[in-house]
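J.: Here is what each chain is made of, one letter per residue.
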Amino acid sequence: MTDHDDIDMLAAEFVLGTLGADERAEIQRRRRADPELDGRILEWERRLAPLGDDIAAVAPGPDLLARIERRIEALDATPVTGEREGKVSQLDAMRRRLRFWRWSTGLASAAALVLAAVLIVPVEPGPSESPFVAVFQQDDQQPAFMLSVDLDSRRLNVRPVTAEPLPDRAYQLWIKDASLGPNPRSVGVLNDDLSLPADALSDFDPELLKRATFGISIEPPGGSPTGQPSGPAIHGYLYPTGQDASAQRL
Amino acid sequence: MSSDRLQDLLQRVTRRDRQAFAELYDATSAKLYGTVLRILKERGRTDDVVQEVYVTIWQKAGQFDDGRASAIAWMASIARHAAIDELRRRPRAPHESDDVLDQTPSDAPGAREHAERDENARRLHACLAELEGNRRDMVRLAYLDGWSRADLAAHFEQPVNTVKTWLHRALKQLKGCLAS
Chain A
1 MTDHDDIDML AAEFVLGTLG ADERAEIQRR RRADPELDGR ILEWERRLAP LGDDIAAVAP
61 GPDLLARIER RIEALDATPV TGEREGKVSQ LDAMRRRLRF WRWSTGLASA AALVLAAVLI
121 VPVEPGPSES PFVAVFQQDD QQPAFMLSVD LDSRRLNVRP VTAEPLPDRA YQLWIKDASL
181 GPNPRSVGVL NDDLSLPADA LSDFDPELLK RATFGISIEP PGGSPTGQPS GPAIHGYLYP
241 TGQDASAQRL
Chain B
251 MSSDRLQDLL QRVTRRDRQA FAELYDATSA KLYGTVLRIL KERGRTDDVV QEVYVTIWQK
311 AGQFDDGRAS AIAWMASIAR HAAIDELRRR PRAPHESDDV LDQTPSDAPG AREHAERDEN
371 ARRLHACLAE LEGNRRDMVR LAYLDGWSRA DLAAHFEQPV NTVKTWLHRA LKQLKGCLAS
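Quick mapping for you: the protein sequence lines, in order, are chains A and B. Counting in my numbering, the first sequence runs from 1 upward without gaps. Counting in my numbering, the second sequence runs from 251 upward without gaps.
The shape of chain A in the complex, shown without the other chains (with noise of 0.2 angstroms):
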């Protein structure tokens, strides 16, 4: 078998549909810088898309439409990198982003409606655009923890402010952006000196990263037996940055 053949094969189940979640992350993450791979996973597309004509139409429940255009308008208020907004429009942009976290992590988990949820904002805003900071705060004391994101290199840090290692609990860094599917995605579960390995954000996009929200839940040791987050969490804040910045509580 060629390797033509083989990247033949492997467009063709994409498309069928019949790998596993990491085959499929690895196919939708390689196709972007891969031409012939794309070109392939399309040609797969049109040959089986009749296939798709025997299925059934079903109506959505009617209140779908409305619960997307919630989503829409909360996605469109938020910033773009590169434009400069109001302090006030941002962070009613982020607020709205934040309740988006709240509310969608409680469709698939209860015990995540309490998840922290922070956004990577510019340190200045401005045509500088990395590196990104969140902030995890703890209660209404000092920050827990720090992110920042190099979206150029797509490295990160984290950094415990506050926070301190649990006995018998982990603490888990979690991703959640529409492109992901509508759960938060493990970024990975902190070491016991509470780092990352700084490469963990490797396989996203920096435009993903710079509209994805964050969230830092308590896990059992290992991280959520779930998939999802589980356990409880810390509550998210924000601090806006620039001359005259105070902290927001989101």
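If you're looking for bench data, these hints aren't it; they were derived computationally from the structure. Take the hints with a grain of salt, since some may be wrong.
Stated by the list, open to error - In silico DMTMM-like cross-links for lysine to aspartate or glutamate, where the CA-CA straight-line distance does not exceed 20 angstroms:
1. Lys425/B with Asp6/A
2. Lys414/B with Asp368/B
3. Lys281/B with Glu69/A
4. Lys281/B with Asp368/B
5. Lys425/B with Glu43/A
6. Lys310/B with Asp205/A
None of these values were measured; they are calculated from a predicted model.
Given chain A's structure and the hints, the job is docking chain B onto it.
T.: Just chain B now, kept in the frame of chain A:
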């Protein structure tokens, strides 16, 4: 709704036209919802996935290329992949998929009639008919119901590697048949 009409709506969606988006939703949501529901078999999860599918369509309408797919095929592909990704992340409990073959609705005759009018559909169905029965079922169960290699292996009582070989043979045979 005609293909041109859907394409026009997608164009307007790239300009953040919410009215066009609502029309696009009305015209396509039953098809997309049916696609996702057939894979996930559960309305709650389907609601969540279809919601994200339309958010993706809103965000990525500008990436639609009419030279590469029809508007409805592009949207259905987003929906099907989102459903399969969700199913792979959180598989159904095993007992749920045991007799899915029996629960799966048979081809809707209306849809089939419509499909028959389309030359590409006619050819694909002719080529599928040439596949050996088990292999044809595998292709349909994977594409329509989201079955993984492992699901197919369990149902057909074959090792996963055998299923992979059968799938590859079936796909190559289909490709050859469609190209002839």
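J.: Each hint should be assessed against the structure and marked as holding or not.
T.: A quick look at each hint next to the structure:
no. : hint                   : in the structure
1   : Lys425/B with Asp6/A   : holds, 14 angstroms
2   : Lys414/B with Asp368/B : violated, 30 angstroms
3   : Lys281/B with Glu69/A  : holds, 19 angstroms
4   : Lys281/B with Asp368/B : holds, 17 angstroms
5   : Lys425/B with Glu43/A  : holds, 10 angstroms
6   : Lys310/B with Asp205/A : holds, 15 angstroms
When each numbered hint is compared with the structure, a violation occurs for hint 2 only.
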